[in-house]
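Number of protein chains: 4
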Amino acid sequence: MINSDFNGNAPDKSELALLLIYTINDFEFDGGEDLLRFALPAAERIADLKKRARLAQLPIIYVNDNFGKWRSDFKRIVAHCLEDDVRGRSIVKLLEPDDDDYFVLKPKHSGFFSTSLDLVLEYLGTRTLVLTGFAGNNCVLFTANDAYMRDYKLIVPSDCIASENEVDNDNALKQMQQVLKAEIRPSVEIEFPRPNEKEQRQAARS
Amino acid sequence: MINSDFNGNAPDKSELALLLIYTINDFEFDGGEDLLRFALPAAERIADLKKRARLAQLPIIYVNDNFGKWRSDFKRIVAHCLEDDVRGRSIVKLLEPDDDDYFVLKPKHSGFFSTSLDLVLEYLGTRTLVLTGFAGNNCVLFTANDAYMRDYKLIVPSDCIASENEVDNDNALKQMQQVLKAEIRPSVEIEFPRPNEKEQRQAARS
Amino acid sequence: MINSDFNGNAPDKSELALLLIYTINDFEFDGGEDLLRFALPAAERIADLKKRARLAQLPIIYVNDNFGKWRSDFKRIVAHCLEDDVRGRSIVKLLEPDDDDYFVLKPKHSGFFSTSLDLVLEYLGTRTLVLTGFAGNNCVLFTANDAYMRDYKLIVPSDCIASENEVDNDNALKQMQQVLKAEIRPSVEIEFPRPNEKEQRQAARS
Amino acid sequence: MINSDFNGNAPDKSELALLLIYTINDFEFDGGEDLLRFALPAAERIADLKKRARLAQLPIIYVNDNFGKWRSDFKRIVAHCLEDDVRGRSIVKLLEPDDDDYFVLKPKHSGFFSTSLDLVLEYLGTRTLVLTGFAGNNCVLFTANDAYMRDYKLIVPSDCIASENEVDNDNALKQMQQVLKAEIRPSVEIEFPRPNEKEQRQAARS
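Protein sequence lines correspond, in order, to chains U, Y, X and H.
For the first sequence, this note's numbering assigns the number 18 to the initial residue and increments by one for each residue that follows.
For the second sequence, this note's numbering assigns the number 18 to the initial residue and increments by one for each residue that follows.
For the third sequence, this note's numbering assigns the number 18 to the initial residue and increments by one for each residue that follows.
For the fourth sequence, this note's numbering assigns the number 18 to the initial residue and increments by one for each residue that follows.
Bear in mind the hints are in silico, worked out from the structure with no lab data behind them.
All figures in this text were calculated on a predicted structure; none of them were measured in a lab.
There are no misleading hints in this set.
When chains are identical, the list treats them as one kind, so a pair holds in a single copy or across two.
Derived lysine to any residue pairs resembling SDA-like cross-links, with alpha carbons at most 20 Å apart: (1) Lys-191 with Pro-203; (2) Lys-170 with Glu-139; (3) Lys-125 with Tyr-140; (4) Lys-68 with Lys-110; (5) Lys-86 with Gln-74; (6) Lys-198 with Gly-49; (7) Lys-30 with Asp-135; (8) Lys-68 with Leu-33; (9) Lys-86 with Asp-115; (10) Lys-92 with Asp-82.
With the rest of the complex left out, here is chain U:
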């Protein structure tokens, strides 16, 4: 069993976390080409956002399908997307996980269903999630629904999610805004606290 200090030398506690949902993805499925057209520019925005999140020392959590069927691991999934001649290669190159990123493998649409995500977030002390990834009207929306039911506050950078067409993507954004009370805005308008501010606030609390 895990002891309470499981997150060791990492950004131990953080009210805010960045989620990358199903970004490590070969796009080799029906509709994958349509999705890719919108996903590629979104991936560039996500890469920028991830850089800023790292500087702010926020936890970065890859929430990804285990398309290796409970036998292969996340590293092998990444390798498959980078090394084989698959549609998603350029996206995975942009968003390759770093060694101290977290990852949670999900068997179904929502990142919370049959996974440790809720527990990871609880140990990190995270209450606000920045949601990015694909598809906006599917895995992102499912994860957003489950996050809202678990009382997380949601921020969704509108240029960091993508769906197979714009109408469905807009409807997903609208649903997240109206029903899930998510803050929707372009990624450049999302500011992360600078690490020293964060520490100062934490120090002030204790």
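Starting from the known structure of chain U, arrange chains Y, X and H on it as the hints suggest.
Positioned in the frame of chain U, the structure of chains Y, X and H alone reads:
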């Protein structure tokens, strides 16, 4: 999301599965030396049982702690136990996972808590679990409790679990037998159906 | 603990079940008046559908908010809606639960979150859900999402759900059809198997 | 869906809660007579403890089997135990729920499995559970296991649980003490904070 054929070319459907609970373990914790004394002979029995389970084409599922803290993966945990000078090395050598074994990383004591185990078993059509591993009065017992609540039938080979002392191990076996209705018997007395029998029975059903 | 025959003398096993989601509701909340305007005609269609479901001996399951705050029970919630001068009274009169209906109290939006619904359906052997109730773009959609992730087949009678406005209701129906693969059609076009057909099919199987 | 103030006028927030596990029980099952012999004196101790918990304004939560099979409610279960000629009547008389007690119906052995218990405790801000009820080596132990995995601190008054025989009860207490780190002591040695102390401490925190 996973499609219904996620388990691909593997022992697709099987009423019976073998679970190895927290066997990939460096034993570098308080009481680890005591546990190791009983765990080493048990690991030899588990290795034999696993060989027979492979011949019978049963799914073999490693249910293991993620002591890499949601950052490292199962392969890296195995490597750590094999390559570093840790107490558990000889056990992990005996029980090194094969490529087509399944693995489920658990964050807490029970293999079912905040994991995909129940879903994996549902897709495999498994209803009976053969439980082995460490510690008998802790992770094995927690997993057995949760399996029983989910209506799985339990078989526990008495020489394939180990605890820090014999009294606690015996009490755990007694609890599994009396309350959880587990079949308890030595591993040599557990017979797996031969694959062709299995297929014949499956064919008879459909 | 419950024994395996918990559902006793009731429609014991049924592939199909009718869900009434948050229909026992005082409508005394912001937007309740808007919702009521669409919910009242829907409630009449639900009442008809429920009558036919009873004739077909299908399980009827009320999936309802526990707005009594974990202290009052379902009967008291029904009584509050019928006896006090609340907006929802006419709807609850139409849809008053019968003694052999099932009920599941949900604390949040989805009927599956922190409830026994999945277990009740498992014991009933139900794999297809007919979803009705309020609000279509909220509790019904949340429940539909969770049902889909758990591999239930969904049928949604389009005139048996209602939301605060028609655009949101239509978007919810579209999301259920496109992403959740739900069958959407008017309630009059949903036919339930006659009980003797059902028994004949069950007999044929065993 | 429930809003954040669902617990209204009740002991809104409390670090500590008293759980009564499967105390509303007709004892009409195999072994019920044996259990009753030990359960009756325990029920007297629980009744005393409950009185003191009420004075201390702690939340009191009945965690009970729904032996009405998802059709009857808690009030009807209480009535059945009080009005019909059942073995458990004298116990239920001692432990009859009050109007502002909470109740959670569990379908299986653990109070946390397929129920809202974890959510109720989260909203109450409860982190320490005082566990009482029957049977000590079954529903109480299952609930204790699940509570421990969810990081609750456990206090078990040794004279407020009962099993069918003393050996099994003692083993359950030992398991809770050793593995689940529960505090085990006679109920008279458990002191609850006086309400004004509680408020003072809460005030000091904010």
